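Colleague: Next come the chains, spelled out residue by residue.
4 protein chains.
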Amino acid sequence: MAKVKVGIIGATGYAGAEILRLLLMHRDAEVVWIGSRSFQGKEIASEYPNFRRFTDLQLIDDDTDRLKEGRILELADEVDVVFTATPQGACASLMSEELLKRTKIIDMSADFRLKDVAVYERWYKITHLAPDFLPEAVYGLTELHREEVKNARILANPGCYTTCSILTAYPLVKAGVIDPSTLIIDALSGVSGAGRSGKVANLFSEVNESAKAYGVASHRHTPEIEQELSLASGEAFTLTFTPHLVPMNRGILATEYAALTKKADGSLWTEAEIRAIYEEAYGNEAFIRLLPAGVCPDTRAVEGTNLVDINFKLDPRTGRIILMGALDNLMKGAAGQAVQNMNVMFGLPETEGLEFIPVMP
Amino acid sequence: MAKVKVGIIGATGYAGAEILRLLLMHRDAEVVWIGSRSFQGKEIASEYPNFRRFTDLQLIDDDTDRLKEGRILELADEVDVVFTATPQGACASLMSEELLKRTKIIDMSADFRLKDVAVYERWYKITHLAPDFLPEAVYGLTELHREEVKNARILANPGCYTTCSILTAYPLVKAGVIDPSTLIIDALSGVSGAGRSGKVANLFSEVNESAKAYGVASHRHTPEIEQELSLASGEAFTLTFTPHLVPMNRGILATEYAALTKKADGSLWTEAEIRAIYEEAYGNEAFIRLLPAGVCPDTRAVEGTNLVDINFKLDPRTGRIILMGALDNLMKGAAGQAVQNMNVMFGLPETEGLEFIPVMP
Amino acid sequence: MAKVKVGIIGATGYAGAEILRLLLMHRDAEVVWIGSRSFQGKEIASEYPNFRRFTDLQLIDDDTDRLKEGRILELADEVDVVFTATPQGACASLMSEELLKRTKIIDMSADFRLKDVAVYERWYKITHLAPDFLPEAVYGLTELHREEVKNARILANPGCYTTCSILTAYPLVKAGVIDPSTLIIDALSGVSGAGRSGKVANLFSEVNESAKAYGVASHRHTPEIEQELSLASGEAFTLTFTPHLVPMNRGILATEYAALTKKADGSLWTEAEIRAIYEEAYGNEAFIRLLPAGVCPDTRAVEGTNLVDINFKLDPRTGRIILMGALDNLMKGAAGQAVQNMNVMFGLPETEGLEFIPVMP
Amino acid sequence: MAKVKVGIIGATGYAGAEILRLLLMHRDAEVVWIGSRSFQGKEIASEYPNFRRFTDLQLIDDDTDRLKEGRILELADEVDVVFTATPQGACASLMSEELLKRTKIIDMSADFRLKDVAVYERWYKITHLAPDFLPEAVYGLTELHREEVKNARILANPGCYTTCSILTAYPLVKAGVIDPSTLIIDALSGVSGAGRSGKVANLFSEVNESAKAYGVASHRHTPEIEQELSLASGEAFTLTFTPHLVPMNRGILATEYAALTKKADGSLWTEAEIRAIYEEAYGNEAFIRLLPAGVCPDTRAVEGTNLVDINFKLDPRTGRIILMGALDNLMKGAAGQAVQNMNVMFGLPETEGLEFIPVMP
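Residue numbers (my numbering), protein chains in the order written: chain A, 22 to 382; chain B, 22 to 382; chain C, 22 to 382; chain D, 22 to 382.
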């Protein structure tokens, strides 16, 4: 079979570079071009020394304005799929039927994640430039939407907090084990989630020895989580989501709190029943590990891989359950899941190019 | 005035060494003896090179068994106050009227924190050896119990998570702004909180790049928080408390979630009203900083000091409030608060020896 | 071709676990048994959660005393090669002709690295129990001894500092560009190099924010470096080697200083000539990257891989040259090179199972 | 006595903010104004949350161009001393006799450190705008030039690498124990030394898990070290200096290598003799700790203080000596030494405001 030909817009951000890294090791993919606004003309290895020896690809100019004026169609002709690792709004501004006739799009931004354009515009404070394409876009949380992913032309790759938060809670929301209106998600992120721009707040000296919340009651990943978990519960609800920045390179850890419901007969859910619900939902998933009782998910145990580690603990004193999930924000939280989706979209084995054992220590 | 004479049992643990560090810089205190089970006969500087030049105190043998056989009374005769930075159970095993006639005790363990001996024995799984002294012991969260601290003979110095969690929520629980039965506390700790014993789990290579929960629904600081906040609310309640370990040396960050109540007239609490409640509670406190709206507490902004930074955010979408507090686990979370209590107990200015500006970066 | 069957003694140390991780992803190897003194009977995943899902191998008892009493021969019968990731002296104590008839040995300790038994005993302070096998043992710095590695029965896998230090200097020593008697090696190591035993000195809280030298003028990797570089120079010489511990998980960085010689005609070596010497030595090596002028090797640019990054800078003001090399101490500095050697010993492609692109960030 | 009145230009850089932090805790100093180019009009606490509660000083505009047009003289009239924590060239551009009639200057930049203007211009690639003031400027390595510091009008505060490198080697160079022409200095720095500007290279995600050299054979602190050590040796010489960046907030560690000379009678220097030389040089210095034999200086053991820890090790195999020094780059390497110099310049006790015990962990 011919290799899948790939283009990457925004290849010098952390997510874009991680896609490139994965695809250079992927048996069935070939990266044809990579773009950058700031470093065009240079080899990627001049910015990312890890790539030295592995590729001599040069960064082409992928300035959004020039792409919009038609350049994107020429580039699309050269490849089977374009990954857009771009700021909010950029992918929507490029979207057209002409583009989709030439290539598939896997968008790393939020442009096509939210089905309700009003929600998008309220949380992102920008006008959506391609609302007509929202209905056909597939939300690429692969484990939940695998069938739609297969035929997607526009794949909206989920956010990092989102993927972790949703996968951790989904089976229990769907089974009605927890009361979704009580759901509170407290999450930690490594610093690579803040991207590769030179901001004082993300300097080593500012972040080291620091732990703090940010975007409290206002983080943009909130509506994504609400959208998908509302699908699971069958009715819309709101939740509280609080992200924190902690001093590590990679990793998302979600700790989620909810009140347990009672069963139809008024009795309480047992640990075994809840474990069975998770097993049924994820038992066959290649990238989800339901941990043994008592073992808490740890970001380092999934680092560098597409895995999600999940577990839970009942708190009978309060009638609550505590759910925990961990993933690598640049892998299952971004590039890894994007490649997983690419595999599904092109009929490749879903785990192709993603079968890494986590590095420890 | 004569200096307060001090002895420290357990001076080579992190909390004990921090007490020593603070007292060596304290104008009105003099450390007379320091003890260690493992390093007796050595200078403390051989284990803690930071002390070189500042003290040539040698560590005496403070093995609990030998102390119990009477040695503690001799040591008590030499000082005005003994800090016991010892494992659970040790301080209770030493307690006696004879001891308290000779010296005051500031206990860093949990032995005298919980008023209900049954609660202590359930959470700590050991028999309390001095339950008769529980009634007179003062829970040394200074800001809440300042008057009792003044006359305490046994000062039970609070835990690190506890101090942060309680101070952050106390005024709102007391004012009835939040429904205590909905309270969930999600907390992060630096690794020094795990102590200075050579455990594989706390090796640099194991902790770096790691974020994970532990002690889920079972951490021993839970009943302390419940005891004090139940005092504030006027009725007993349970809460959910989840600690996490993150890769930094020092710091506790507590993020707390609760449903807002309605006011007597059925209207909602405003941000200004809630801020006023905090101001009234803490406006005159030397060690509590209520941050401006929108600024999230950050562990590094209090590192090395006895400060607690507190703030909150309303989440009108869900009817909840998110509370945030940060402190240094070895300072306000242990040694700093112990010295603050010593100051109060001996009639010294409460901030004496604790007036540091946090180091940044 | 049948897969190479492998046993690992000491699989729960960092090096042993890294060998396992690599071999579980290796197309042509099959791990038959793994051993541990402390965790026998458990699944490796209970100690190393990264392995969950990837193997259910249980740790067998590999206590050295029991192995010596004959158990090692039974175990050897099951495999083609045994990796001994054991303390100094253990592998030598197991060595015998009977053993080597059954299996090949790749030893991660220093037991068979030094050709001169007196040097071994002086630096390691233990009696060598199998000196008769020293002559046939091959020093497994693959790039330097590839031909001997092919037929080795006992492969002495080099140390981490050693591999980095030697490879960085070797071509220039051999070409006579530097005066070996002036060679000074200053090296930095991540903390995983200190192993996985629960020592206070390696706790996160002790190592974070710490940089210090250790083993000054006495580190045991010194004679290995001297042995190999003396081979290159053609005459014995001593050098100064100073290791330092810095707060990161993985990585060795060597900075080496030497006086430049003059060429036969009295003129000075040019940068281009020196670069050509490196290119000739390493131009075809899969795992060595000679960096472009002006780019300094960085440990993070090789992390998780078997690569060594090398560069140099002339210092005409002083007549010296500064050499720099970086590698991952658990990969090219331990497990990666061990697998590279296994590949060579069994006629497999040298890069098999080692073709990773470094992770960034 | 009236307090020393102070102004700080560049108060929002790490060094400037550290000067402010120290002086706010200083009994005999009063900060009258603080300046910033980027944040004028704001309270310093909005950028440095550690200052909240401790000062409500607002940042004035200290744009160099406006200062040059005369504003600096008005500001100078208000204070006894101005600290210039500014980029290279700024302080020289402001220098005038009118200025020095109004105030003393403690300059944190290199403008007045090098006595030879040609050396300055060669290493810094800028024209020196006030060469006439070079002769009177005092190089503020306090321990070496204490008498001149007392009467200085222009105090050139040394660099961080410089202070550590010079103090570590000075007594041995002066005593002729080492051959200065063989001196090689290998140094490590925490990331705060790179300043507080938003550069990608200093992001947490770029620096964490990274160790690398930079400025090899070309770092600007080299000529400072050569100038001062040449004063000690009595003749000019060049040396090799290699700085490295390692993932920690603060700290400089210098490891220095040199060949030992022989004594006049041809015999070798003993460890006791060398120790005596250090003791004689530094035995009475408040901020220098000569460590016991076998204890290596560690950056964390001096963090947050003005201390320098020094030790050495003989390497009889090679005839060399290894010298080691550690300090906090923002304290003795910048702000701490600046305050130490201020104390000396104004007749205050030299240790005033600098008597901290290092924080551990």
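Bear in mind the hints are in silico, worked out from the structure with no lab data behind them. For clarity, every value in this text was computed on a predicted model and none was experimentally measured. Treat the hints loosely; a few may be bogus.
Any copy will do: because identical chains look the same in the list, a pair fits if it lies in one copy or spans two.
Calculated lysine-lysine pairs in the BS3-like style (CA-CA distance at most 25 Å, straight line) [what the hints assert, rightly or not]:
1. Lys283 / Lys334
2. Lys334 / Lys63
3. Lys171 / Lys334
4. Lys334 / Lys122
5. Lys220 / Lys63
Colleague: Under a CA distance limit of 25 Å, which applies to lysine 334 and lysine 63: within one copy, between copies, both, or neither?
Modeller: Only across copies: lysine 334 and lysine 63 sit 24 Å apart there, 50 Å inside one copy, limit 25 Å.
Colleague: How would you label the pair lysine 283, lysine 334 (within, between, both, or neither) given a Cα cut-off of 25 Å?
Modeller: Classified as within: same-chain Cα gap 16 Å, cross-chain 31 Å, threshold 25 Å.
Colleague: Should lysine 171 paired with lysine 334 be assigned to within, between, both, or neither, using CA atoms and 25 Å as the limit?
Modeller: neither (35 Å within a copy, 42 Å between copies)
Colleague: Indicate which option fits the pair lysine 220, lysine 63 if close means a Cα-Cα distance not exceeding 25 Å: within, between, both or neither.
Modeller: Answer is both: 23 Å inside a copy and 19 Å across each meet the 25 Å cutoff.
Colleague: Is it within, between, both or neither when you check lysine 334 against lysine 122 at 25 Å Cα-Cα?
Modeller: neither (48 Å within a copy, 47 Å between copies)
Of the numbered hints given earlier, the model fails hints 3, 4; all others are met.
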